[in-house]
Amino acid sequence: MKKYTFTEKKDTRSGFGAGMHELGQQNPNVVALCADLVGSLKLEPFIKENPDRFIQCGISEANMIGLSAGLTIGGKIPFATTFANFATGRVYDQIRQSVAYSNKNVKICASHAGLTLGEDGATHQILEDLGMMKMLPGMTVINPCDYNQTKAATIAIADYEGPVYLRFGRPVIPVFTDADQKFEIGKAWMVNEGTDVSIFATGHMVWEAIQAGEMLEAEGINAEIINIHTIKPLDEEAILKSVEKTGCVVSAEEHNRIGGLGDSIAQVLVKHKLAPQEYVAVDDSFGESGTPAQLLEKYGLTAKHIVEAAKRAIARK
Amino acid sequence: MSEKELARKSVEYRRKILKYIYQAKAGHTGGSLSCIDILNVLYNHVLNVDSADFSSPDRDRYIQSKGHTVEALYVVLASKGFFPESDLETLCTYQSHYIGHPTRKVRGVEQNTGALGHGLSLSVGTAIAGKLDKKDYRVFTLLGDGELPEGSNWEAALSAAHYKLDNLCAIIDKNSLQISGATSDVCNTDPVDAKFEAFGWAVRHVDGHDFEQLKAAFDAIPFEKGKPSLVIAHTIKGKGVSYMESQLKWHHGVPSEEQYSDALQELGVAEESLA
Numbered sequence: 001m002k003k004y005t006f007t008e009k010k011d012t013r014s015g016f017g018a019g020m021h022e023l024g025q026q027n028p029n030v031v032a033l034c035a036d037l038v039g040s041l042k043l044e045p046f047i048k049e050n051p052d053r054f055i056q057c058g059i060s061e062a063n064m065i066g067l068s069a070g071l072t073i074g075g076k077i078p079f080a081t082t083f084a085n086f087a088t089g090r091v092y093d094q095i096r097q098s099v100a101y102s103n104k105n106v107k108i109c110a111s112h113a114g115l116t117l118g119e120d121g122a123t124h125q126i127l128e129d130l131g132m133m134k135m136l137p138g139m140t141v142i143n144p145c146d147y148n149q150t151k152a153a154t155i156a157i158a159d160y161e162g163p164v165y166l167r168f169g170r171p172v173i174p175v176f177t178d179a180d181q182k183f184e185i186g187k188a189w190m191v192n193e194g195t196d197v198s199i200f201a202t203g204h205m206v207w208e209a210i211q212a213g214e215m216l217e218a219e220g221i222n223a224e225i226i227n228i229h230t231i232k233p234l235d236e237e238a239i240l241k242s243v244e245k246t247g248c249v250v251s252a253e254e255h256n257r258i259g260g261l262g263d264s265i266a267q268v269l270v271k272h273k274l275a276p277q278e279y280v281a282v283d284d285s286f287g288e289s290g291t292p293a294q295l296l297e298k299y300g301l302t303a304k305h306i307v308e309a310a311k312r313a314i315a316r317k
Numbered sequence: 001m002s003e004k005e006l007a008r009k010s011v012e013y014r015r016k017i018l019k020y021i022y023q024a025k026a027g028h029t030g031g032s033l034s035c036i037d038i039l040n041v042l043y044n045h046v047l048n049v050d051s052a053d054f055s056s057p058d059r060d061r062y063i064q065s066k067g068h069t070v071e072a073l074y075v076v077l078a079s080k081g082f083f084p085e086s087d088l089e090t091l092c093t094y095q096s097h098y099i100g101h102p103t104r105k106v107r108g109v110e111q112n113t114g115a116l117g118h119g120l121s122l123s124v125g126t127a128i129a130g131k132l133d134k135k136d137y138r139v140f141t142l143l144g145d146g147e148l149p150e151g152s153n154w155e156a157a158l159s160a161a162h163y164k165l166d167n168l169c170a171i172i173d174k175n176s177l178q179i180s181g182a183t184s185d186v187c188n189t190d191p192v193d194a195k196f197e198a199f200g201w202a203v204r205h206v207d208g209h210d211f212e213q214l215k216a217a218f219d220a221i222p223f224e225k226g227k228p229s230l231v232i233a234h235t236i237k238g239k240g241v242s243y244m245e246s247q248l249k250w251h252h253g254v255p256s257e258e259q260y261s262d263a264l265q266e267l268g269v270a271e272e273s274l275a
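Protein chains in written order, with UniProt numbering: chain R, 1 to 317; chain Z, 1 to 275.
Any given hint could turn out to be false.
What the hints assert, rightly or not - To give an idea of the chain Z side of the interface with chain R (calculated C-beta under 10 Å), a few residues: (1) Pro57; (2) Gly100; (3) Thr103; (4) Gly114; (5) Gly117; (6) Ser123; (7) Val124; (8) Thr126; (9) Ala129; (10) Gly130; (11) Asp136; (12) Tyr137; (13) His162; (14) Tyr163; (15) Asp166; (16) Gln247.
If you're looking for bench data, these hints aren't it; they were derived computationally from the structure.
Quantities reported herein were computed from a predicted structural model and do not represent experimental measurements.
All C-beta atoms in this analysis are idealised placements derived from N, C-alpha and C, irrespective of residue type, glycine included.
Produce the complete structure using the sequences and hints provided.
As structure tokens, then:
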């Protein structure tokens, strides 16, 4: 089993900021928009070097999404940024009509997704965003796993023509992927090959899955771990290939169990290859205040929970 | 185009709007007739838009926020050569691109619209892009007075003034009626001029069926350097067909055979008076 180590911890939103910094230097058509959360989105380096290509919208997210769609009519590649809650649920109609239905080259980049924003509590902890975004025809949905992958994904989506939802977060977590990786939209990443159970994880849960893999190994269980950084389009081939081998599945996501990655995988299994699946996800609930560690523990989103789910899945084979 | 030529054009447009709505048995008749004179002046006098070169980065942009009056837009785009008018025989029918609200599948349409309250934000974004590229193109958007209570309009109005978008011109088709009744009864937005002025816009009122006034207003934009322009066009819903004028039921009404025939007769009389 491949061992993953890290020398530092960073937040994925800083990976986004670093990606934007590079894009600012590389692509003159990239424009950044923000609804009063420049510091939270780590946009300062981009703005410092490209003040003309930054559009501060103030706290008016609906307008920001409309502006973004309008900017494409002038040939720009807008990156609309705010917290995931306000980037999706608050402006679903704007995204549906003016971005997705119009097939606009708008990148919706959303930080502070999930429970791990912590202390601010349920108003800001969106757990439904992946579902809302993946339901939109033509929308690409990406949830990278660490700083380096978020940076690479940010750069990659500028070269992709079409609407994208890019989701990342606030907590500092291990940086364990390569700094010079090439991000391929829609291509799952094999973290660790195994034979007993397939663990498909996305976002912050990938590191938890890696830890779970080590814990399972200590008990003689050989888990295959795959990072599904692109929720849509889903890499069905990678999923089916893995399940053919292992015969059971755990999905792990910082999202409501309804409508997220787990449901996307279940659809694939129902259609092509029936196999037992266990969800590691929030059980149809809102969040609350707490540290990320406290909340992940309470809502069942840790390596330990993945281990338990893996054993349940294996027992159902 | 002279005022008289524009007036003749509008009769022709009205006839076609009614024809295609009558054939499709669907459409937004009253609003299409209230805004058609505005669209006529925009496409035949104001907009630097060429159907042979629609992808030109220097073209003026027109975004119709009140997407439901798409029949007016389709008829004008056809007359400007964006597509054969015969395409409109399929209006609102199964598998047609000529859907009941504008889509980019129809050549000449910049943006899918129809969910109200979106057009002004879209136009602000496009106008910012023009400023960023130091282009001279202008952005025009047509709003309905009924959609003004959508909060996104006011977010957009703030940002247009904040970014000093004097390359942006919004037009309100103020026909004073919406699907539930008089706009003043449903959710009053008057005095709309004072509101936009307070937000930092330069505002003018025109009779939305007076070609001289419409031309003069559009020729004068930007009304003030450094400010977005707003044209409040006072219009009559159902204009040009007397039994439809200012009658709420014609918001979404489709004429019967007899009503259609009466309307054509009335438009014929109007056309003769312009001969």
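How the hints compare with the structure:
For Z/Pro57, the interface hint holds, the least distance from its beta-carbon to any beta-carbon of chain R being 6 Å, beneath 10 Å. At a threshold of 10 Å, the smallest CB-CB gap from Z/Gly100 to chain R is about 14 Å, leaving the interface hint violated. Because the closest C-beta pair between Z/Thr103 and chain R is about 8 Å apart, less than 10 Å, the hint holds. With a cut of 10 Å, the hint placing Z/Gly114 at the interface with chain R holds, because the nearest CB-to-CB distance is about 7 Å.
A hinted interface residue such as Z/Gly117 counts as satisfied when its beta carbon comes closer than 10 Å to some beta carbon of chain R; here the least separation is about 8 Å, so the hint holds. Interface restraint check: Z/Ser123 against chain R, minimum CB-CB distance 6 Å, threshold 10 Å, status holds. This hint holds: Z/Val124 has a C-beta 5 Å from the nearest C-beta of chain R, less than the 10 Å allowed. Because the smallest distance between the Cβ of Z/Thr126 and any Cβ of chain R comes to about 4 Å, under 10 Å, the interface hint for this residue holds.
Nearest Cβ of chain R to the Cβ of Z/Ala129: about 2 Å, under the 10 Å cut. The hint holds. With a least beta-carbon distance of about 6 Å to chain R, the hint placing Z/Gly130 at the interface is held under the 10 Å criterion. Taking 10 Å as the C-beta cut-off, the interface hint given for Z/Asp136 is violated, the closest approach to chain R being about 12 Å. Annotation: Z/Tyr137 was flagged as interfacial toward chain R, and the flag holds, the nearest CB pair being 8 Å apart, inside 10 Å.
Annotation: Z/His162 was flagged as interfacial toward chain R, and the flag holds, the nearest CB pair being 8 Å apart, inside 10 Å. Nearest Cβ of chain R to the Cβ of Z/Tyr163: about 8 Å, under the 10 Å cut. The hint holds. A least Cβ separation of about 16 Å between Z/Asp166 and chain R goes past the 10 Å threshold, and the interface hint is therefore violated. The restraint placing Z/Gln247 at the interface with chain R is violated, with a minimum CB-CB distance near 30 Å, outside the 10 Å limit.
Hint compliance for this structure: hints 2, 11, 15, 16 are broken, all remaining hints hold.
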